[in-house]
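Same order as they appear, the protein sequences are chains A and B. Quick note, the first sequence lines up with residues 279 to 733 if you use the working numbering. Quick note, the second sequence lines up with residues 279 to 733 if you use the working numbering.
Honestly, the hints are just simulated from the structure, not real lab data. You may find that some hints are simply not true.
The list treats identical chains as one, so a pair stands whether inside a single copy or across any two.
[Said to hold, decoys possible] Taking lysine to aspartate or glutamate and the DMTMM-like style, the derived pairs with C-alpha atoms no more than 25 Å apart in a straight line are:
#1 504 <-> 712
#2 461 <-> 398
#3 546 <-> 712
#4 451 <-> 578
#5 339 <-> 318
#6 546 <-> 709
#7 451 <-> 651
#8 451 <-> 669
#9 451 <-> 409
#10 451 <-> 466
Protein chains: 2
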Amino acid sequence: RLASTAATPFASSRVTAVLGAQWGDEGKGKLADVLAEDYDVVGRFNGGANAGHTVIADGVKYAFHLLPCGLVYPHTLNILGNGTVIHLPSMFDELAQLDGTSVSWEGRLKLSNRAHLLFDYHQIIDGVLEERRGAGKSLGTTKKGIGPAYASKALRLGIRVGDLVDFDDFAAKFRSAVDSHQKMYGFDYGIDDELERYRAFADILTNGDMIVDSVAYVNQAYNDGKRIILEGANAALLDLDYGTYPFVTSSPTTVGGVCTGLGLAPGKIECTVGVVKAYTTRVGWGPFPTELTDVNAGGERAEGAPGADIGAHLQSVGGEIGVTTGRKRRCGWLDIPLLQYSNMVNGYSAVNVTKLDVLDDLETIKIGVAYRDSTTGETLAPGHMPSTIAELARVEVVYEEVPGWQSSTQGITEWAELPPNAQAYIQRMEDLLEVPMTWIGTGPGRDEMVIKPHA
Amino acid sequence: RLASTAATPFASSRVTAVLGAQWGDEGKGKLADVLAEDYDVVGRFNGGANAGHTVIADGVKYAFHLLPCGLVYPHTLNILGNGTVIHLPSMFDELAQLDGTSVSWEGRLKLSNRAHLLFDYHQIIDGVLEERRGAGKSLGTTKKGIGPAYASKALRLGIRVGDLVDFDDFAAKFRSAVDSHQKMYGFDYGIDDELERYRAFADILTNGDMIVDSVAYVNQAYNDGKRIILEGANAALLDLDYGTYPFVTSSPTTVGGVCTGLGLAPGKIECTVGVVKAYTTRVGWGPFPTELTDVNAGGERAEGAPGADIGAHLQSVGGEIGVTTGRKRRCGWLDIPLLQYSNMVNGYSAVNVTKLDVLDDLETIKIGVAYRDSTTGETLAPGHMPSTIAELARVEVVYEEVPGWQSSTQGITEWAELPPNAQAYIQRMEDLLEVPMTWIGTGPGRDEMVIKPHA
Ligand SMILES: Nc1nc2c(ncn2[C@@H]2O[C@H](COP(=O)(O)OP(=O)(O)O)[C@@H](O)[C@H]2O)c(=O)[nH]1
Ligand SMILES: Nc1nc2c(ncn2[C@@H]2O[C@H](COP(=O)(O)OP(=O)(O)O)[C@@H](O)[C@H]2O)c(=O)[nH]1
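Same shape as in the complex, but just chain A (with noise of 0.2 Å):
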């Protein structure tokens, strides 16, 4: 329990957001199930079944995608907040791996009445989206219905988790919600087997008890004294506001969404952690600073690029393969601006550092320091993130380069026994965000993790 909250400052925080601070795929899934040992109710309020933690417990591994990480230790309620699109089939699917098994999910998963749900219908919309959009102007989505889900809710046409305890409103909802959509995207739609296969989720949900009222609940359950830990889905630079648009997802990933999608006042937020490779990735296109792949690793830069092989390697150790989708992630160096500028709108208590094992080789580092427009020569101010595409696209970064400590980092958990050069990395992101980089991941595992002492 080396790298559980108790060594920390953080020791007594009632409620921990745990963020990804980049464009997602920090590893934010470790420490959460890491942290979810030492709390008591494991929350979601973001998002839907795009998240994607694989979680090992008892030496089963399980893929998530929509459920709460917390759902593999006995002890810890989860709940799937108002803010989250929930589609049933994938959610019932998750819990089948479950089945078998040691872990028992029966009255400890509860879906809030608010939250909205995500039907096939939506994935269609997807592809009638995309397919609108023409050739080369994908948004490169995940196709999971996200984002007409959001859109259906904004435009309230949305149909709640609440709704289906009353079948026949729920039913009248159904019909008239997808005849509204296919007068805006015309597809086909077997209404009525959807219907029973509906009928059969309701009756599982509300048998279960699994509806609740999730405001009153996570409020009662922090007035009782509970711990309670919330897994942001996707990162900063994905937020619907805060991405670089339009290359986003659709819902809050900022800290913000702890209140609007699960119903806990700011006050109660006592510790907000960004989760921060100690490089960077991003998938899909988009504009991408301090990029080091080339066009043939996904990424944007000329064939051959100078980096590019060390992006190559950083993509080849990192493992820097989307899980579901086996595409490439682009890499590139730790980008400070975008991490002050993620770092203002979260107000982070705490980094954690992931996979500082991944730069064991490299024999000098280079960091990202500052923007340059590359128009008018000028250095923008800390915090300061061009909102539109192109804008970015005219950055130059500014480096420090700093040398690297080519010894093995792997499974380290001692601050103490990390190479100096690692210690100076760590201290320099430190004194370039002002705030602590408390846990650093030296591996995959759930030991390989140091907890920097605090001053």
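Place chain B with the ligands on chain A using the hints.
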């Protein structure tokens, strides 16, 4: 300056949010206006031109729907945050009211580069959707295009204020967005004329340096020690997530919106004021547990139902008629369960009770203190709010009756001068909600306000 923050425990609050705590029209405008005198920055974080405050300054009346009310004070900077949706023609119309007055807005209004533009086609879509919904299924929206604009944002078909900086790029995005929306809603649109109009808007905005990176801007102001006040539009029970869906607006009206819509992290929000009318009103359809008015007055209670005369009295004395729509507001008793729920979500530091004077003539006053499920007979625990229209329609209200004061409180500014029964009413609210009732409105005027001494 009696009514300002200066005489309250919040005198040093650097960031204060003023939020509607019920179904809207609580009189948020007056408090925001009064407090603005003491603040440097006034921001909006949600919604669009659907807010509606009347601000009186130097004897001139201004109707602001989109603009922050602080604009009438020369010392303030005013921001439309990233979470707002901006219809530029409406914005410039509102600004035109200030032409030839002593109020100069130049240099004092900033638009977030990340705020989405609301176009005329979003308003057209609102109409198409109401039509498709069919007779009797109206949501009673203001048809200002708010829902469709947030839907475009979620579908990543939105265009943001920052896109106007590169007009050719904007024009291409605009053509493509119109095309996408026409495929869904089949309407005609004069693209070229609209582009001409927007070219002129873009010139004004860029020449006037009105487009800013609002996240950095607001946080810089905070770091510079400036005081920031946020004006919420709409109210808690109209929140997209926490309101009585689908009779809601399409943005967060609760405190999380300050984070998602302006980029201030939770730890920076020092004071959250809930604005609570001394009774309850609601516009349009949807369940309303403490309602007194009947069908003739725009309500849902049977004609001539008991108490309808009191409802009609509140309506006329309180001037409960929509400013733009002329629609009568439904009136009812104070609803504590609703406020307990809204307080749970928002975490009020203090409450501003408004329109206490409207109750002056009543012999006895009822306070709704609990909800009871009429089918099971069970009392709902405090903070529990039914999530569906059907469940909310089913609640019975448990009332407490208190004696009225039957004398005028109009214009009173001192707590000691309030009639004992009026003091007792406020004190009862405070005890039931466990939040200090800091400001108490005793009339529409800026000076007609009591500050309740803190124990
Ligand atoms: N080498 C190494 N791998 C890590 C570390 N922390 C997490 N990982 C692995 O990195 C991957 C994280 O990616 P992913 O699960 O997509 O990220 P998430 O969605 O943010 O949790 C997982 O395979 C983890 O096992 C670390 O410190 N070192
Ligand atoms: N009688 C009375 N009227 C008030 C008081 N406070 C505000 N008002 C008036 O009530 C109305 C507030 O409604 P409105 O502007 O729709 O509310 P808002 O959108 O929440 O600001 C305005 O006409 C105010 O002048 C008060 O304490 N007493």
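Structure-based check of each hint:
In this assembly of identical chains, residue 504 and residue 712 lie within 25 Å of each other by CA distance solely across copies; the values are 22 Å between and 30 Å within a copy. Taking CA atoms no more than 25 Å apart as the test, residue 461 paired with residue 398 passes in both settings, with 16 Å inside one copy and 21 Å between copies. Taking CA atoms no more than 25 Å apart as the test, residue 546 paired with residue 712 passes in both settings, with 23 Å inside one copy and 17 Å between copies. For a Cα distance limit of 25 Å, the shortest separation of residue 451 from residue 578 across copies, 22 Å, qualifies, whereas the shortest one inside one copy, 45 Å, does not.
With identical chains, the CA atoms of residue 339 and residue 318 are at most 25 Å apart within one copy only, with a shortest distance of 22 Å there and 54 Å across copies. For a Cα distance limit of 25 Å, the shortest separation of residue 546 from residue 709 across copies, 22 Å, qualifies, whereas the shortest one inside one copy, 28 Å, does not. Proximity of residue 451 and residue 651 under a CA criterion of 25 Å is satisfied inter-copy only: 23 Å between copies versus 51 Å inside one chain copy. For the identical chains of this complex, residue 451 and residue 669 are inter-copy neighbours only, at 16 Å across copies versus 44 Å inside a copy, given an alpha-carbon limit of 25 Å.
For a Cα distance limit of 25 Å, the shortest separation of residue 451 from residue 409 across copies, 17 Å, qualifies, whereas the shortest one inside one copy, 28 Å, does not. In this assembly of identical chains, the alpha carbons of residue 451 and residue 466 lie at most 25 Å apart only when taken from the same copy (18 Å versus 30 Å across copies).
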